[in-house]
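Peer 1: Sequence:
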Amino acid sequence: MCGLDTSTSVRVGARVDLFHESQGHWGSMVFMNPTVPESTTATHVRFTSASAEPLTVRHKSQMLVSIQYVVNIHSFGDMTQPTHQSGMFQQFKLNPNPKRGHSLDTALDQPVLLNVGGDGIIGRRVSMLLQHSPHSPHAPLQEPLLAEGIVGYNC
1 MCGLDTSTSV RVGARVDLFH ESQGHWGSMV FMNPTVPEST TATHVRFTSA SAEPLTVRHK
61 SQMLVSIQYV VNIHSFGDMT QPTHQSGMFQ QFKLNPNPKR GHSLDTALDQ PVLLNVGGDG
121 IIGRRVSMLL QHSPHSPHAP LQEPLLAEGI VGYNC
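In full-length UniProt numbering, the protein residues as written are 1 to 155.
Hint data in this document are derived by calculation from the structure and do not stem from the laboratory. Do not take every clue at face value.
[Stated by the list, open to error] Label-pair ranges, simulated between beta-carbon atoms: (1) Gly87 with Ser22: 34 to 40 angstroms; (2) Pro37 with Gln110: 15 to 21 angstroms; (3) Pro144 with Thr35: 16 to 22 angstroms; (4) Pro37 with Gln81: 30 to 36 angstroms; (5) Gln23 with Lys93: 19 to 25 angstroms.
Here a beta-carbon is modelled for each residue, glycine too, at the ideal position from N, C-alpha and C.
Generate the whole structure from the sequences, applying the supplied hints.
Peer 2: Below, the structure written as structure tokens:
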């Protein structure tokens, strides 16, 4: 899992490479503790898009919408099963900030353990969905799966 070091990305925490069913590599997510990098408990997550375009507020049908990414950490890592059969371990949201370009950093509401088994996230399936809130009184709309992957050590 930890081949040649050909990347300049930070080597701490846990990482999941996210893939879209037809578009291929969609981005990556690193779970880490920025104040104690060697910690086995992650307090923050950084999502980096594979696209060079910034993650911003989008227009849909001429209506301004606010974008949020919903990230699900599933109970199981079996990618051969539909996501709804993978259980739910933890869920959080990422809010794009146009000033941050193609990456998003956020503190986790609940820290996660960077271990295998038990309450650890290594080996778990992660799915990412898009949720948008039209500037209207209607409930937020959740769109189909954007990308998914399996959490591994970031070494």
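Peer 1: Please go over all the hints and tell whether each is borne out by the structure.
Peer 2: Cross-check of the supplied hints:
no., hint, result
1, Gly87 with Ser22: 34 to 40 angstroms, "violated (26 angstroms)"
2, Pro37 with Gln110: 15 to 21 angstroms, "holds (20 angstroms)"
3, Pro144 with Thr35: 16 to 22 angstroms, "violated (36 angstroms)"
4, Pro37 with Gln81: 30 to 36 angstroms, "holds (34 angstroms)"
5, Gln23 with Lys93: 19 to 25 angstroms, "holds (22 angstroms)"
In summary, the structure is inconsistent with hints 1 and 3 from the numbered list given earlier, while agreeing with the others.
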